[in-house]
Amino acid sequence: MWHRARTILLLGSLGLTETLAVALESAERIIPTSSQSLPSQSSNSSFNAENLSFDPNATEYWFDAVVDHFNFRPTAQATFPLRYFVNDQYYANSSSPVIFYAGNEAPITQFLENSGFLWEAAKKLQGMVVFAEHRYYGESFPFGSPEVALTPQNISYLTVEQAMADFNTLQVHIRKKWGMLRDAAFLVTGGSYGGNLALWLRLKSPNLWAGALASSATPLKHLLRESNTFSKIVADVYGNVSATCPDKIRDGWKTLFEYVKYEEGRKNIQKELKLCHLPPPEETKPEDIATEIYGWISGALETMVQYGYPYPTEFYNPVPGYPFRVACEKMLMEKTGLGSLRAAAQVYYNYTGQAGLCFDWLPSSSANKSLTNPHALLRSRHQPQPLGDDWVGIAWNYQCCTEVYQPMPTNGVTDLELPYQPNKTEYFERCRERWDGVVPRPDWEEMTFMSDNIQAGSNIFLTSGQLDPWRAAGIQSLPRNADPESIVIRIIEDGAHHLDLRSSHRLDPPSVINIRLEELESFERWVRQWQEMYPSPSASQQIEVKKRLRRTS
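Under mature numbering (1 follows the signal peptide of the UniProt record, and there is no 0), read the sequence shown as residues -21 to -1, 1 to 532, first letter to last.
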């Protein structure tokens, strides 16, 4: 899933230099609450997205997860309710396999509704589907509520290791609850950060997980930190549509930051970008206005590539198939850089006309920071959000200040961003201020979870989308001495972020169709291998009969 901030630093208002230094993440998004619709491929009256090809009905359950799996003192055995969903419509018997989705940084319902391939696989395997929520996201909060859980005093139990322990113990619980036999194979799956978890669960606990499908996994964070490859992939995607589009975007940034300096230029910005209004310079610094607009549009440009599926979707906003292509084509029709930026923004923020005649905006520097209009998506990439405004952003911010350390440089030449070089000292200081002394461990994740040295593992299927900028942190080549039948690595041509997990669609590129077939074959092989290792009594007797027959033949 799922559009993710590259880094979220929730701090105070900053000047231009500092603002650019922490504008590390993509434009923020509105997180659905229980009363809002969830992102899916479903259609509505004003948009031609096609219906889901599977029924995402699943039953909600709760599991008492231990808050701290790594403290054995009796006083430290507090639990909290961890949410998970089960669909057993294809589940045949107590020896049937289970496809388990390891949840990541969002409510688990968002992944459930956008992972239809797992239903298709369950039908083929006559298995069960389980979607487990990640602690501190969705509705799975220790200490009773997000208001209490997401404080510096209580958030320290939000770690990769604790989440993996949740999923391991939940797996044992499900086996008991459904009376499963030992030969019932659990196949762990996940996308993006969830793909990392799936990979690491198989590597760390092969006694529990028969195999792992890790879609768009990003285990090589050092590659993100060392170069602008992430942003360059975005630029290359637009450049492959037309070499003119990246130049138009860069020209738009240049004009934006020049025009914002004087009154007539600001009027021109408002007119060309179709903003309902701009705040006066005495209310918001002009350079801050430009930076916020930059974050708003660059986030749209990036998201249209990351989630550039071949058919219309509403994953965040209603967009056409291959939205980056549509955006580039519309940019080519514009005569000015600002006009090109507006054309791109219209595709992402106003494709169905949902934003109206102009984009309504309340600047982050305003005393009133609430966005009463759900289509007012001109959101700052650097301003603090009050606790409770974005639970996902707060939790992910903490993870980016601990284990998920991924600040990315840009150069403004081979990418579509403003030039930026991360400052490790400043980054650490902001984390320290935000989280009461906490600082990141940049190398911890790769040191602990094997980085790309996975040749000792087995039954692992890794995929990356050719269009997906997160491919920059994926394992894209087979490790030395690895078994190519046991560790499979595939790049999905014309594929976006974890496209292979989505439902089959008539507009799918041939690459993902073929890769899904490979994934199904791997699932079937993993199940067979597991059942050979842990045969049920009846199966064991059948094996002995076959052995005797072979000896006598």
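Hints were generated in silico from the structure; no laboratory data involved.
Certain hints may be false.
Stated by the list, open to error - Using 30 Å as the maximum straight-line C-alpha spacing, the simulated DSS-like pairs for lysine-lysine come out as follows:
| hint | residue 1 | residue 2 |
| --- | --- | --- |
| 1 | Lys211 | Lys403 |
| 2 | Lys211 | Lys240 |
| 3 | Lys253 | Lys240 |
| 4 | Lys253 | Lys183 |
| 5 | Lys309 | Lys250 |
| 6 | Lys240 | Lys250 |
| 7 | Lys211 | Lys102 |
| 8 | Lys253 | Lys314 |
Stated by the list, open to error - Quick list of simulated restraints, FRET-style, between CB atoms:
| hint | residue 1 | residue 2 | range |
| --- | --- | --- | --- |
| 9 | Thr38 | Pro398 | 47 to 57 Å |
| 10 | Ala435 | Gly335 | 53 to 63 Å |
| 11 | Ser430 | Ala222 | 51 to 61 Å |
| 12 | Pro131 | Pro398 | 28 to 38 Å |
| 13 | Thr427 | Asn36 | 12 to 22 Å |
Built from N, CA and C at the ideal position, the CB exists for glycine as well.
>> Run the distance test for Lys211 versus Lys102: straight-line Cα separation, threshold 30 Å.
In response: Violated, at roughly 39 Å.
>> A range of 53 to 63 Å was offered for this pair. Does it hold for the Cβ distance of Ala435 and Gly335?
In response: Check passed, 56 Å falls within 53 to 63 Å.
> Lys240 and Lys250: Cα distance at most 30 Å?
Replying inline: holds (16 Å)
> Should the hint that Thr38 and Pro398 are 47 to 57 Å apart at their CB atoms be regarded as holding?
Replying inline: holds (51 Å)
>> Need the status of pair Lys253, Lys183: alpha-carbon distance at most 30 Å?
In response: Since the Cα atoms of Lys253 and Lys183 sit roughly 52 Å apart, the hinted pair is violated (cutoff 30 Å).
> Is the gap between the beta carbons of Pro131 and Pro398 within 28 to 38 Å?
Replying inline: Cβ of Pro131 to Cβ of Pro398: about 33 Å, so the range 28 to 38 Å holds.
>> Quick check: does the Cβ-Cβ distance between Ser430 and Ala222 fall within 51 to 61 Å?
In response: Taking Cβ atoms as reference, Ser430 and Ala222 lie about 36 Å apart, which means the hint is violated.
> Quick one, are Lys253 and Lys314 close enough, alpha carbons at most 30 Å?
Replying inline: With Cα atoms ~16 Å apart, Lys253 and Lys314 stay inside 30 Å; holds.
> Is the distance from the Cβ of Thr427 to the Cβ of Asn36 consistent with 12 to 22 Å?
Replying inline: violated (37 Å)
>> Check whether the Cα positions of Lys211 and Lys240 lie no farther apart than 30 Å.
In response: holds (29 Å)
> Would the pair Lys253 and Lys240 pass a check requiring their Cα atoms to be no farther apart than 30 Å?
Replying inline: holds (18 Å)
> Given the hint that Lys211 pairs with Lys403, does the C-alpha gap stay at or below 30 Å?
Replying inline: holds (22 Å)
Comparing the model with each numbered hint stated earlier shows that hints 4, 7, 11, 13 do not hold.
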